[in-house]
Amino acid sequence: MSLDRVMGEGFFTTTLDSLTKWGRSNAIWPMPMGLACCAIEMMAFAGPKYDAARFGSEVFRFSPRQSDVMIVAGWCTYKMSHAIRRVWDQMPDPKWCIAMGACASTGGMHRCYGVVQGVDNFLPVDAYISGCPPRPESVINAIMKIQDKIKEEQSMSLDS
Amino acid sequence: MNSDTKQALLQKIRDKLGDDLHEVYEEYQYPLLRINRERLHETCRFMKEELHFIYLNDVLGTDRFTSVDRFEVIYHMISLRDQQRFFLKVFVDEEDPVLPTVTDLWTSANWNEREVYDMFGIRFKGHPDLRRIFLPEDFKYFPLRKEFPLLGVPGSLELPSSTPDHD
Chain A
53 MSLDRVMGEG FFTTTLDSLT KWGRSNAIWP MPMGLACCAI EMMAFAGPKY DAARFGSEVF
113 RFSPRQSDVM IVAGWCTYKM SHAIRRVWDQ MPDPKWCIAM GACASTGGMH RCYGVVQGVD
173 NFLPVDAYIS GCPPRPESVI NAIMKIQDKI KEEQSMSLDS
Chain B
629 MNSDTKQALL QKIRDKLGDD LHEVYEEYQY PLLRINRERL HETCRFMKEE LHFIYLNDVL
689 GTDRFTSVDR FEVIYHMISL RDQQRFFLKV FVDEEDPVLP TVTDLWTSAN WNEREVYDMF
749 GIRFKGHPDL RRIFLPEDFK YFPLRKEFPL LGVPGSLELP SSTPDHD
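If you read the protein sequences in the order shown, they are chains A and B.
Everything in the first sequence is counted per the numbering used here, starting at 53 for the first residue and increasing by one.
Everything in the second sequence is counted per the numbering used here, starting at 629 for the first residue and increasing by one.
Source of the hints: derived by calculation from the structure; they are not laboratory data.
As the structure is a prediction and not an experimental result, all values here were calculated from the model.
Cβ coordinates follow ideal geometry from the N, Cα and C atoms, glycine included.
One or more of the hints may lead you astray.
[What the hints assert, rightly or not] Partner residues aside, some chain A positions facing chain B, computed with beta carbon under 7 Å: (1) Ser-133; (2) Arg-137; (3) Tyr-165; (4) Phe-174.
Bound-form chain A, shown alone (with noise of 0.2 Å):
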């Protein structure tokens, strides 16, 4: 049927990496971990004024097996992280993490025994934003962060 329709006399070529690449980076569906204020701005992020849906991130997939990004908005108590590692090991790879926020990122103001400074202690982090809470262009620009470092990676040949 209708390649022929659609693409006429013409083609193109391109590697199957950089196929695979473009669609992946242009369809990163969030796995909103909204655990304090930050997630507020995080949903302001999805709303239509600021409107992910220009860099394919609107579905925000309340099921890890559903998304590509997972966004910990907020601060993490030491008993918050094993939910959050146990969602974490069931998304599906290529998965992705961005800490959303000075408290996420680093421990933030929560400075006490109780709560994880910084939830790269336990889990890999791609992209961190300042702010307490960050604006949601700020959310964006880590978006737009981890296209960029999907478009660097070796995709078809490290995800074997």
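Here the structure of chain A is known, so what remains is to put chain B in place on it, guided by the hints.
Only chain B this time, still in chain A's reference frame:
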């Protein structure tokens, strides 16, 4: 809030306790009474049954970090009938941090006393279920004591394994 009612209630407590009422702070809107810890349970019963303080709002602890009478435990109770709010305070020594429970009077004291036990290690004699309420049961420290380091003891709380289960 009627201050005549407050004074009448205070007078009843003074008559009841006599010298065991050590201090009365009235600078604030609500009176705070420091009493002898030996008469704590008796006073609580008196407050509930005679003075109609049927609502125990909170039980909280404080670490004063002094060599004698190190801890204090404050009982915050409310009389809905008289619209009064009273605080009872007792000192607890570090050597023997034991107080009688008031769960037999107010059931709401159950979790509050467990929290004070969790944070300060003050035990409540007669409590039906004195376990830690926030921290893991094998946690060895009492975090709101002043000598506990701000960032905790490294390794005392477990982080998840960073190796996934499936491979």
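We went through each hint and held it up to the structure:
no.	hint	verdict
1	Ser-133	holds (6 Å)
2	Arg-137	holds (4 Å)
3	Tyr-165	holds (3 Å)
4	Phe-174	holds (5 Å)
Checked against the numbered hints above, the structure violates none of them.
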